[in-house]
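Model the placement of chain B on the given structure of chain A, informed by the hints.
Protein chains in written order, with numbering that gives the first Met the number 0: chain A, 0 to 379; chain B, 0 to 513.
FYI, nobody ran anything at the bench for these hints, they're computed from the structure. Be aware that a few hints might be false.
[As the list claims (entries may be wrong)] Lysine to any residue pairs mimicking SDA-like chemistry, simulated, CA-CA at most 20 Å apart:
1) K326(B) x D90(A)
2) K106(A) x M314(B)
3) K346(B) x E411(B)
4) K218(B) x L184(A)
5) K77(A) x P366(A)
6) K126(A) x L512(B)
7) K328(A) x L184(A)
8) K151(B) x E162(B)
9) K240(B) x V13(A)
10) K326(B) x G438(B)
11) K132(B) x E162(B)
12) K126(A) x N241(B)
13) K260(B) x L157(B)
14) K198(B) x R419(B)
15) K1(A) x V13(A)
16) K126(A) x P500(B)
17) K511(B) x A188(A)
18) K377(A) x K218(B)
19) K509(B) x T130(A)
20) K240(B) x T130(A)
21) K260(B) x P366(A)
22) K509(B) x D212(B)
23) K127(A) x M502(B)
24) K127(A) x I505(B)
25) K106(A) x R419(B)
26) K126(A) x K240(B)
27) K192(A) x D224(B)
None of these values were measured; they are calculated from a predicted model.
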Amino acid sequence: MKGKLEPSERERLVEEGKSLKESLVSMEEDLVKLKDELQHVAQSIPNMTHPDVPVGGEDSSAIRKEVGCPREFHFQIKDHLQLGKDLDLIDFDSAAEVSGSKFFYLKNEAVLLEMALLNWTLSQVMKKGYTPLTTPEIVRSSIVEKCGFQPRGDNTQVYSIDGTDQCLIGTAEIPLGGIHMDSILLESALPLKYIAFSHCFRTEAGAAGAATKGLYRVHQFSKAEMFVICRPEDSEFFHHELIQIEEDLFTSLGLHFKTLDMATADLGAPAYRKFDIEAWMPGFGRFGEISSASNCTDYQSRRLGIRYRPSEPLQTGPKKGKANLPATKFVHTLNATACAVPRMMVCLLENNQQEDGSVVIPEPLRPFMGGIELIKPKLK
Amino acid sequence: MSLHKLRLAAAVPVTISTFSSRLFLKPFPNTLTLGLFSRRLQPRKPLLVRAFSASAAVQDIPATQTSESSARPQWKASIDFKWIRDNKEAVEINIKNRNSNANLDAVLELYENMLNLQKEVERLREERNNVAKKMKGKLESSERERLVEEGKNLKESLVTLEEDLVKLKDELQHVAQSIPNMTHPDVPVGGEDSSAIRKEVGCPREFNFPIKDHLQLGKDLDLIDFDSAAEVSGSKFFYLKNEAVLLEMALLNWTLSQVMKKGYTPLTTPEIVRSSIVEKCGFQPRGDNTQVYSIDGTDQCLIGTAEIPLGGIHMDSILLESALPLKYIAFSHCFRTEAGAAGAATKGLYRVHQFSKAEMFVICRPEDSEFFHHELIQIEEDLFTSLGLHFKTLDMATADLGAPAYRKFDIEAWMPGFGRFGEISSASNCTDYQSRRLGIRYRPSEPLQTGPKKGKANLPATKFVHTLNATACAVPRMMVCLLENYQQEDGSVVIPEPLRPFMGGIELIKPKLK
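This is chain A alone, in the form it adopts within the complex:
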């Protein structure tokens, strides 16, 4: 229509232009809706799976390693709830009045033990080059979703704050994933390795039965979490580094445990591969999960928008323009539990109890508890 035209030709073109414009507007709207629908449905597609992961349900998980053996007791043992009562360490009853079930107060040496566990874990993991952090425990719900959790809906594990779009975190993995969201990192900055402390809050909706006793399943707990951001080619290496760190920590504390390669039906949507550690809990008479280490490859980074720009090899041309920069890639993210305090406390109390009702403190923790070697029954 920019050229010279007969008026009838011009009119025809104007009409054609108008029809095209109307069709375009409709179709562009439809395209947006279709893209939204595609996103919505596609977001449920889980991550791919490592070829070595066993296919199947819970019973198909493979044992990668087993450390120690169940301690033999020559006396009647107590579970951690009984020990907690007798040694005045844990109060569930007052908490039930004040807050509800699955809440608790720690008292006396149990407070020192929690702090010793966190302090010792921090110092051990820092030695491996992990940066210590504390994190917000209230986050926007969109961050929770981008990490692969479901904040809304029945049976959600997530507490929401009234009147806001904010939630309480169930794990520090969430605010850790959020730190670098919508960013492009330099390859030279990778890997980023963090160890973060936070309190964690979980509704535990839908969890019922025997696996909820005492400290085993609670609504609020302290946890030290490791988080790694790395290049795709390095994630397998760091998955093994993380599980090694966990195994070293629990071995130092004298626990009897097995490391499992979780089967396909037991992986969360974000995990490409997941190693869980289950420790022997004599009071329960079975193994209980004390940690989990997941390689999420690019599942979380594609949602959180965490990319990196590979370093360039020698520049050939004189000009450094955007056209010469390598294309960004998505990083891989991994997360692993360094210390989930209540589960650790179950293990330590139940495994280290003595006939006289006292509990022995594992050696590595003693310097972090002012040298205390024993939790003794208190005189009443």
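Below, chain B alone, put in the same frame as chain A:
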């Protein structure tokens, strides 16, 4: 109040909603700009109280006023109405001095009405008993009929009056709960500027170089990240990194060990509690400008201080006198909306939504609370002196006391980056304000038993305990003080000696090579 009028009111409930202007609360001045812990000031929204004119005994509560009835606490405080009535001048003066929005006149009137109604109810009950007694004897049929009729009328009136009595008692509770605690005679009367300085320790450090505030130090030393937190969570949230994490843990560990030496029992507490507990401690979980985060779909809230779950431990209990005093030091994370706090006093770590705090809590006999108030402030002063801080201890004036506090000592420390003092701790003696709401009593030990039988009649009557609370360490404010006061010209920060053993011996936070 004539009985005839009462009966009339009972038979024909009358809805009266007159609002006299004196019952509307004038918004009181916002004195929160610096106060970290003064969130227990009276509610900021106007409290609507229906006027009770002399001719109406009881007001029917309209069904439409559900918002107000749902805002009513569903529990009763053991308020000593008789004492309030017998000391009404002192109570009125106290309310004025504290700028409280409590309505004493309404309370007294409701109390009077309640007593009268109660008498009437008792009188009717007695009459009904008399009728019942008469009906046991031999009677003429017409006489029996008459008595049956009378008995029926009495029963109907009683039911109505008893309902009215319940409503009246609820209304009385609701209005009386806003009456603040009485005040220690030595407390200065007035606003912020009237607070008295009890003690001053140290002096502002002289710097020979341009100093940075804690935000700049936090950036330069890679210790604090507000920017990422703003994306992830919102403003007033932060990540601590590197040595700052070690410093937080050292502060908490060291504080714990110091305070345990004074006989305090360490605790960790739930950070989600039922909202009724929050109210019983003297806070306002619902309503505009509340400091309290509520959980969606439940009656639960996040705590703003460990004082709340600590108060809850012994609620609805009778303690033995021999168990007192109970002294706790508790760690928790604290969550505050900080709604209504604006202006310069919100920079960086000074005002945040989430922080770690070590809180001391004491439950004791009434005669001992003054002693423990002094013990608590002494512990705080010793802690902050050991850390080398420059600070002043203030005896807070009446308008700055929260409703629960009989007396409150605040400590303000010098923050060179701000160029002014900022509150780092608060120690309150709440006497029996909280215990009357939480239902914490003790049974005094008995002297030598005279009679052979130990029966309930011989046990001394229970009394309400006194409760006190005091901040041992509020981590972000302490971090502001330590970073800003201990900075050096080369950009590093010196760690105070007492904390070094708790940080693996680190003496200095040095700038990192980039």
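Here is what the structure says about each hint:
Proximity of K326(B) to D90(A) is assessed by CA-CA distance (about 16 Å); at most 20 Å being required, the pair is judged to hold. Distance check on the hinted pair: K106(A) and M314(B) sit about 18 Å apart at the alpha-carbon level, within 20 Å; holds. Distance hint between K346(B) and E411(B) is fulfilled; the C-alpha atoms sit about 17 Å from each other, no more than 20 Å. At roughly 19 Å between alpha-carbon atoms, K218(B) and L184(A) fall within 20 Å of each other, so this suggested pair holds.
For the suggested pair K77(A) and P366(A), the alpha carbons sit about 27 Å apart, so the restraint of at most 20 Å is broken. Restraint check for K126(A) and L512(B): the C-alpha separation of about 19 Å stays at or below 20 Å, so the hint holds. Distance restraint check for K328(A) and L184(A): the Cα-Cα separation of roughly 10 Å lies within the 20 Å cut-off, and the hinted pair is therefore satisfied. The straight-line distance between the Cα atoms of K151(B) and E162(B) is roughly 17 Å, inside the 20 Å bound, and the hint therefore holds.
Distance check on the hinted pair: K240(B) and V13(A) sit about 63 Å apart at the alpha-carbon level, beyond 20 Å; violated. The suggested pairing of K326(B) with G438(B) holds, with an alpha-carbon distance near 18 Å, which does not exceed 20 Å. Of the pairs offered as hints, the one joining K132(B) and E162(B) is violated, with about 25 Å between alpha carbons and a cut-off of 20 Å exceeded. Taking the CA atoms of K126(A) and N241(B), the gap is near 13 Å; set against the 20 Å cutoff, the hint holds.
Restraint check for K260(B) and L157(B): not satisfied, since their Cα atoms lie roughly 60 Å apart, outside the 20 Å limit. The suggested pairing of K198(B) with R419(B) holds, with an alpha-carbon distance near 17 Å, which does not exceed 20 Å. Between K1(A) and V13(A) the CA atoms are separated by roughly 12 Å; this keeps the pair inside 20 Å, and the hint holds. Among the hinted pairs, K126(A) with P500(B) is consistent with the structure: their alpha-carbon atoms are about 18 Å apart, no more than 20 Å.
Among the hinted pairs, K511(B) with A188(A) is consistent with the structure: their alpha-carbon atoms are about 15 Å apart, no more than 20 Å. For the given pair, K377(A) sits about 48 Å from K218(B) by alpha-carbon distance, which is inconsistent with the 20 Å threshold. At roughly 15 Å between alpha-carbon atoms, K509(B) and T130(A) fall within 20 Å of each other, so this suggested pair holds. For the suggested pair K240(B) and T130(A), the alpha carbons sit about 7 Å apart, so the restraint of at most 20 Å is met.
The straight-line distance between the Cα atoms of K260(B) and P366(A) is roughly 18 Å, inside the 20 Å bound, and the hint therefore holds. About 16 Å separates the Cα atoms of K509(B) and D212(B), which keeps this hinted pair within 20 Å; it holds. With a C-alpha separation of about 18 Å, the suggested pairing of K127(A) with M502(B) holds against the 20 Å cut-off. As the CA atoms of K127(A) and I505(B) are separated by approximately 18 Å, the hinted pair is consistent with the 20 Å bound.
Under the criterion of a C-alpha separation no larger than 20 Å, the hint pairing K106(A) with R419(B) is inconsistent with the structure, at around 38 Å. Our distance criterion of 20 Å between C-alpha atoms is met by K126(A) and K240(B), whose separation comes to about 15 Å. A distance of roughly 16 Å separates the Cα atoms of K192(A) and D224(B); the hinted pair therefore holds under the 20 Å criterion.
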